[in-house]
Amino acid sequence: MSRETDTRAAGYGFTRPQLVTLLTPDAEFAALMQGMWPESVMQVSHFTRGRRAIETLFNDPPDLLIVDGELADMPGLDVVSLVKSENVYRQLPVIYVISQEELESGRDWLAAEIDDFLARPLRPAEIRARVLLTLARASRSFDANPLTRLPGNTSIIHRIQELIDRREDFALAYADLDHFKSFNDKYGFSRGDEVLMMTARVIVNTIRSLPGIRSFVGHVGGDDFVFIVPPEVVETACQRLVATFDNIVPSFYDPEDRERGNIQSTDREGRLRTFPLMAISLAVVFNRDGSLKHYGEASQIAMSLKKKAKENPTSCYVLDQRRGDAPPPPSDLPG
Amino acid sequence: MQKLPLSLARPGMVLAKAVARADGIAVAAQGTELSQSLLDRFDTMGVDAVVVEGNPVDLEGSAGDISYEKRAERLDHLFRKHAGDKWMEQIKKLLYDYFKLKAAGMAAARAAAEPPREG
Amino acid sequence: MAEDLRTERKGLILAVKDLPTLPKVLDEVARLVERSDSSTDEVAKLIAMDQVLSAKVLKMVNSPIYGFPGRISSIQHALVLLGFNVLRGIIVSTSVFEIMSENMVGLWEHSLGVALASSTVARAAGLRDPEEYSVAGLLHDLGKVVATVQLPELKGEIEQAVKTKDLLYIEAEKEVMGFGHDRINAWLADHWKLPPNIKEGLSHHHKPHLAQLYPDMACAVHIGDFMARVFEYGFGGDDNVTYLRPEALKRLKLKPVDVERILDHLSEQFLEIADLSFS
Numbered sequence: 231m232s233r234e235t236d237t238r239a240a241g242y243g244f245t246r247p248q249l250v251t252l253l254t255p256d257a258e259f260a261a262l263m264q265g266m267w268p269e270s271v272m273q274v275s276h277f278t279r280g281r282r283a284i285e286t287l288f289n290d291p292p293d294l295l296i297v298d299g300e301l302a303d304m305p306g307l308d309v310v311s312l313v314k315s316e317n318v319y320r321q322l323p324v325i326y327v328i329s330q331e332e333l334e335s336g337r338d339w340l341a342a343e344i345d346d347f348l349a350r351p352l353r354p355a356e357i358r359a360r361v362l363l364t365l366a367r368a369s370r371s372f373d374a375n376p377l378t379r380l381p382g383n384t385s386i387i388h389r390i391q392e393l394i395d396r397r398e399d400f401a402l403a404y405a406d407l408d409h410f411k412s413f414n415d416k417y418g419f420s421r422g423d424e425v426l427m428m429t430a431r432v433i434v435n436t437i438r439s440l441p442g443i444r445s446f447v448g449h450v451g452g453d454d455f456v457f458i459v460p461p462e463v464v465e466t467a468c469q470r471l472v473a474t475f476d477n478i479v480p481s482f483y484d485p486e487d488r489e490r491g492n493i494q495s496t497d498r499e500g501r502l503r504t505f506p507l508m509a510i511s512l513a514v515v516f517n518r519d520g521s522l523k524h525y526g527e528a529s530q531i532a533m534s535l536k537k538k539a540k541e542n543p544t545s546c547y548v549l550d551q552r553r554g555d556a557p558p559p560p561s562d563l564p565g
Numbered sequence: 038m039q040k041l042p043l044s045l046a047r048p049g050m051v052l053a054k055a056v057a058r059a060d061g062i063a064v065a066a067q068g069t070e071l072s073q074s075l076l077d078r079f080d081t082m083g084v085d086a087v088v089v090e091g092n093p094v095d096l097e098g099s100a101g102d103i104s105y106e107k108r109a110e111r112l113d114h115l116f117r118k119h120a121g122d123k124w125m126e127q128i129k130k131l132l133y134d135y136f137k138l139k140a141a142g143m144a145a146a147r148a149a150a151e152p153p154r155e156g
Numbered sequence: 030m031a032e033d034l035r036t037e038r039k040g041l042i043l044a045v046k047d048l049p050t051l052p053k054v055l056d057e058v059a060r061l062v063e064r065s066d067s068s069t070d071e072v073a074k075l076i077a078m079d080q081v082l083s084a085k086v087l088k089m090v091n092s093p094i095y096g097f098p099g100r101i102s103s104i105q106h107a108l109v110l111l112g113f114n115v116l117r118g119i120i121v122s123t124s125v126f127e128i129m130s131e132n133m134v135g136l137w138e139h140s141l142g143v144a145l146a147s148s149t150v151a152r153a154a155g156l157r158d159p160e161e162y163s164v165a166g167l168l169h170d171l172g173k174v175v176a177t178v179q180l181p182e183l184k185g186e187i188e189q190a191v192k193t194k195d196l197l198y199i200e201a202e203k204e205v206m207g208f209g210h211d212r213i214n215a216w217l218a219d220h221w222k223l224p225p226n227i228k229e230g231l232s233h234h235h236k237p238h239l240a241q242l243y244p245d246m247a248c249a250v251h252i253g254d255f256m257a258r259v260f261e262y263g264f265g266g267d268d269n270v271t272y273l274r275p276e277a278l279k280r281l282k283l284k285p286v287d288v289e290r291i292l293d294h295l296s297e298q299f300l301e302i303a304d305l306s307f308s
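Chains as they are written, first to last, in this note's numbering: chain E, 231 to 565; chain V, 38 to 156; chain W, 30 to 308.
Do not rely on the hints blindly, as some may be mistaken.
A few chain W positions that, by computed beta-carbon distances, are all more than 12 Å from chain E [said to hold, decoys possible]:
#	residue
1	A59
2	A77
3	N91
4	N132
Below, in silico cross-link-like pairs of lysine to any residue (SDA-like), each with a Cα-Cα straight-line distance of 25 Å or less [as the list claims (entries may be wrong)]:
#	chain 1	residue 1	chain 2	residue 2
5	W	K88	V	V51
6	V	K130	W	N269
7	V	K123	W	L239
8	W	K85	V	A55
Some chain W residues well away from chain E (every beta-carbon gap over 10 Å; in silico) [what the hints assert, rightly or not]:
#	residue
9	F97
10	S102
11	S124
12	H294
Think of the hints as simulated: they come from the structure by calculation, not from any bench.
Glycine included, C-beta positions come from ideal geometry on N, C-alpha and C.
Chain E extracted, bound-state conformation:
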């Protein structure tokens, strides 16, 4: 995905082009939808028959489904029921297109399971607004990471951008786990999930132990977490986090590995490989006096700091010491 693509989707608050499935016999409506946004923002797939759409929907779920009431092969609402009855697709937002008469005669909205509607005659401005609003609403409610229930990537980005726009001072920390992959490989995914839950709890409760501050904790995905706290407390937070994590993580290993302080496994060539116990790496970026303009900047700075943090095989944190635009001096490795 090119930088230009990123920026255009991001201009609407999306991190990637949104996929829309449009189910309607109305060719004009389809043309209107397909012409409304550039492909980098919204990609519209058009179907005229319910059955075909359903197949594709289940294999490749879109971000939004727009269903017209009257299709050639089945009632639009049947498609909606089918989709919403599958647990996995319950969260797929659905906009239902109805006629003026249906709107006037009223319907059982509770039974319908749709998220929003459009009434004919269709107006471009209204279509635009409804589609964007429905997508935004969907991203807000269902962003939570399924394992830890912490806010996910979209919420995280929104929060960071919000603080930047308000020129509020903050410290943004990116956390991830070193040697997590080797743990997962040896112990399996469900124990890996235990470690991720533990990490989430340690971060949340450590931040909670800092008195009277505004904070935010998010789970990007996998072993990547993010937290935001006032700049004055971030170093304390990092120190406590590192200490607590190192203290707790040995309990998640089997007794022999715990005692040895490492995992041993043989690779495909029969070589013995040793992996240290997992460690937490933290990279902290600051926003002071509006130094950051865009969340993208924050994550770029964090990536380069993170490389330094990961050079250290034990748990550690790296704080961005820059003023202005100079790159971080190489000697900055506290903790």
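Fit chains V and W to the supplied structure of chain E, relying on the hints for placement.
Same frame as chain E, now just chains V and W:
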């Protein structure tokens, strides 16, 4: 898997769950094959039950086995005050079908795990 | 400070002064936790000073009910991983455990079963901090114990009503005392200053559709109670299932496939918790 009193555990069985000390800390991992020395160690540590893979011991009717068959049979009694209520009848049926299916699965697993008869 | 609770029979009261005493350390710790500058270490040290209590707490937190089975080696870790609310709930329940076991056989096991089932339901529904739901499940029948201990003559009458009229325990309580253990729970929660979400789980598990502030909590404990009764795990005072309110399943967005997943997990886990008694 099956929870067995330590006295019924035998070398060769495989732990389906980790074994923990009295304070709860794990001391033998899931997947460990039991040996006599390990069983003796558990005994001295005061461990009184272990959970092993499969269903090596016939415990039908005692505490170490969730008897799905029994669960299904008890439903009429447990639901007696709600007889005639459509919703509760639906729930009862869901549970009945679930337990019957599980019971059948357990029976099949036991049959499959039987050692081949001699002769 | 809560007042005594009057029953609607013969002016019998449930007195605050006759409630089971909770460990002294709990009050001190609660005060410490309220101070914003206390650290987890300080709180942990305070609890750890009561060694008998700490041992019981560690045994409980390492059970499969709490999400990190076999992983918690200290009170400090327990605090970081589960939070103070959960620890307080466990401390309260271990304090009442003995009285519970002496006075109503099978009630402790039933409470454990509901603790496990409530957190399983919470996880299936994608709710945050499922361990808090276990605590509400663990404490949901506290009111039964308090009533039987303080008013033993009423206990006899309630048990008679259950037997002869084939009533649910809560129906019998209402007949004899004028109210059920859910009302007593609310009174206890106030007196012991339990957090509001747990209080609502305790007071509304029989009428989750009427819960105002924390409906998810009330619904999870309601379904948890039902599940423990289906498995007949322990004994809650009668051998019936409670009426399962469809609103509870709807509120938590649980479909039949979710219910089956919960049943799978419980079938497995009920084996596991069978030895969580302190003898």
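Now for the hints, and whether the structure bears them out:
Distance check for W/A59 against chain E: the nearest CB is about 16 Å away, which clears 12 Å, and the non-interface claim stands. No beta-carbon of chain E is positioned within 12 Å of the beta-carbon of W/A77; the least distance is around 15 Å. Listed as outside the interface, W/N91 is inconsistent with that label: its C-beta sits roughly 10 Å from the nearest C-beta of chain E, within the 12 Å cut-off. Distance to chain E confirms W/N132 as a non-interface residue, since its nearest Cβ pair spans about 36 Å, more than 12 Å.
Between the alpha carbons of W/K88 and V/V51 the distance comes to roughly 24 Å, so the proposed pair stays at or under 25 Å and holds. Taking the CA atoms of V/K130 and W/N269, the gap is near 16 Å; set against the 25 Å cutoff, the hint holds. A distance of roughly 22 Å separates the Cα atoms of V/K123 and W/L239; the hinted pair therefore holds under the 25 Å criterion. The suggested pairing of W/K85 with V/A55 holds, with an alpha-carbon distance near 20 Å, which does not exceed 25 Å.
Against chain E, the non-interface label of W/F97 is violated: not every CB pair exceeds 10 Å, the least being about 7 Å. Taking the minimum C-beta to C-beta distance to chain E, about 5 Å, the non-interface status of W/S102 is violated against the 10 Å cut. The beta carbon of W/S124 sits about 24 Å from the closest Cβ of chain E, which is more than 10 Å, so the claim that it is off the interface holds. Every C-beta of chain E lies more than 10 Å from that of W/H294, the closest at about 12 Å, which supports listing it as non-interface.
Violation of the numbered hints given earlier is confined to hints 3, 9, 10; the remaining hints are satisfied by the structure.
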